[in-house]
Amino acid sequence: MMNFRPGSRPPDREARESEKQSPRGTAPGIRGGSGAPGGSASTQGSGGHGDPAEAAAPAVRAQDLSVVRGPRTVLRTLDFTVPRGQITGLLGPSGCGKSTLMRAVVGTQAKVTGTLDVLGRPAGHPALRTRIGYVTQAPSVYDDLTVRQNLDYFAAILDPGRAAADRRHENVTRAIADVDLTTHADALAGNLSGGQRSRVSLAVALLGTPELLVLDEPTVGLDPVLRRDLWNLFHDIAETRGATLLISSHVMDEAERCHRLLLMREGGILADATPDALLTRTGADTVEAAFLHLVDAATQTAREKESTR
Amino acid sequence: MSTQTSPTPSAASPATAPPAPAGGLNVSRTTATAARVLRQLRHDPRTIALLMLVPCLMLFLLRYVFDGSPRTFDNIGASLLGIFPLITMFLVTSIATLRERTSGTLERLLAMPLGKGDLIAGYALAFGALAIVQSALATALAVWFLDLDVTGSPWLLLLVALLDALLGTALGLFVSAFAASEFQAVQFMPAVIFPQLLLCGLFAARDTMHPALEAVSDVLPMSYAVDGMNEVLRHTEMTATFVRDVLIVAGCALLVLFLGAATLRRRTP
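Protein chains in written order, with full-length UniProt numbering: chain A, 1 to 309; chain B, 1 to 269.
Pulled out of the complex, with its shape left as it was, chain A reads as follows (with noise of 0.2 Å):
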């Protein structure tokens, strides 16, 4: 269904499978674990280390971030590390600040303060914009424009000039493939469904190979074979273009799918970590026990020190 041409990419991702053991979309314990994923082992704010793939800098490197929007404090003095390469799932209910996180890092978030740099730049710096891709939560495409000419055009913007023209219509081709939506390149927008909407936005964020997607809840009000496709579209992404992706979620089976998790609440990070060090330090099942479990071991800690105060 999906079109991948891997061929067509830079090969510089041949010891994917050993480095990764690709999670993609099978049950979980995916991961072998590095080093022994003792329960004891603190998992929070962990950088990522121990993985091989991780000699270059992190993707993304938030320390002390806060953002405020109006009167609240929507994240507040988070510290993190997005490895390259590699799929974070950020994973969350609604209203946590999952978007609010994605918007600073791609820097169209206001009032934010502390260090956020992301591929080496502080966030939202211009020489950032052709290198990311970014997906939000509503799809934002013209509704009043076919599929085509809304890439064409976003791609005229990354890629601009008469001389770029046939690198652009490729781009646009493969990226209208990517999303398995050439049979529709021709209708409008507007028309097309919630699902398929969804996608036209994604595959604007592909134009142009960017290093670092981040995408906004890109698999929600899919049908199972869709969001499938997806996954494998994104774990193809990671590793024939190395690009790193950031990607979120309210719905926690996704979170077998990613290579590393931030799982977030209430403006703040509740765990960073492999899916199975999660599983293992808090001897869960699944994703959601292990996220439930955290909530309540932060309850009981919160109550103890309201009491021992």
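For the record, the hints were derived by calculation from the structure and aren't laboratory data.
The beta carbon of each residue, even a glycine, is placed where N, CA and C say it ideally should be.
Any given hint could turn out to be false.
Said to hold, decoys possible - Cβ pair distances, simulated, as ranges:
| # | chain 1 | residue 1 | chain 2 | residue 2 | range |
| --- | --- | --- | --- | --- | --- |
| 1 | A | Gly221 | B | Leu254 | 43 to 49 Å |
| 2 | A | Leu188 | B | Ala180 | 25 to 31 Å |
| 3 | A | Arg167 | B | Leu50 | 35 to 41 Å |
| 4 | A | Leu188 | B | Leu198 | 38 to 44 Å |
| 5 | B | Phe203 | A | Ala185 | 49 to 55 Å |
| 6 | B | Arg265 | A | Ala298 | 31 to 37 Å |
| 7 | A | Ala185 | B | Thr151 | 53 to 59 Å |
| 8 | B | Leu57 | A | Val251 | 53 to 59 Å |
| 9 | B | Phe203 | A | Thr183 | 55 to 61 Å |
| 10 | A | Ala165 | B | Glu214 | 51 to 57 Å |
| 11 | B | Phe60 | A | Val251 | 57 to 63 Å |
Claimed, not checked - One side of the interface only, derived from the structure: several residues of chain B facing chain A at Cβ under 8 Å:
| # | residue |
| --- | --- |
| 12 | Ser103 |
| 13 | Glu107 |
| 14 | Leu110 |
| 15 | Leu114 |
| 16 | Thr268 |
Fit chain B to the known structure of chain A by using the hints.
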């Protein structure tokens, strides 16, 4: 823009400066934006028909409303040739840019290497082109079929109409920043346009108004648009007043376009 994301030592050597989005316009991105705006309109033939035909219909009506007094039609008709493009472009632009803001495409574009000037200029170019066609139709109808008695060159009427359209586009872009919904955007039309309409000299000569209102009308750009039209109506040559009027309208349009660009924020709360 004004965030305090503190740059870290590891980051940002100014030597590898990005393709500057701030100052200069990027011609290909601007024309791509203009082409996109026009392409969007092409999928909406009803809007195009309304844009083109409504001014003509109004002029036609007006001609026969003043069937007994052709002099009055000359005065009002010429003024309206300048006012129509301003109003229609104001409406279309304010709604179009509001949609861009609310649909998330603006956020997406500003996260891409698109300069704010490119976007604004793209819009101005697209709607300016539309305004040329609209004004040409209306002017041709008025001059050739409705016997609008113009002393000067119809080309000058067209020039003023085009500048008015640009002014409308600029005002629409600017105002859309303050509208949170289509309802509000539409209400800005009476708020921004109607006072100018009342004070521009269409209903009463500006020097016969209460001095306070005359002073206000002196600083409203539409007054000069109507003045310019009337200069063409009465004089065969380009008068100094005409040149002044044209420069003022063009200057206002540019100024408001800059203000409009300043309302675009890459970072939003």
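Here is how each hint holds up against the structure:
1. A/Gly221 with B/Leu254: 43 to 49 Å: 45 Å, holds
2. A/Leu188 with B/Ala180: 25 to 31 Å: 27 Å, holds
3. A/Arg167 with B/Leu50: 35 to 41 Å: 39 Å, holds
4. A/Leu188 with B/Leu198: 38 to 44 Å: Once the Cβ atoms are compared, 41 Å apart, the range 38 to 44 Å for B/Leu198 and A/Leu188 holds.
5. B/Phe203 with A/Ala185: 49 to 55 Å: 53 Å, holds
6. B/Arg265 with A/Ala298: 31 to 37 Å: 35 Å, holds
7. A/Ala185 with B/Thr151: 53 to 59 Å: 55 Å, holds
8. B/Leu57 with A/Val251: 53 to 59 Å: Hint holds: Cβ distance 55 Å, inside 53 to 59 Å.
9. B/Phe203 with A/Thr183: 55 to 61 Å: 58 Å, holds
10. A/Ala165 with B/Glu214: 51 to 57 Å: 55 Å, holds
11. B/Phe60 with A/Val251: 57 to 63 Å: This hint holds: roughly 60 Å between Cβ atoms.
12. Ser103: Where the cut-off is 8 Å and the nearest Cβ of chain A is about 6 Å from B/Ser103, the hint holds.
13. Glu107: 5 Å, holds
14. Leu110: 7 Å, holds
15. Leu114: 5 Å, holds
16. Thr268: The hint holds - B/Thr268 has a Cβ within 8 Å of chain A, the shortest such distance being about 6 Å.
When the structure is compared with the earlier hints, no violation turns up for any of them.
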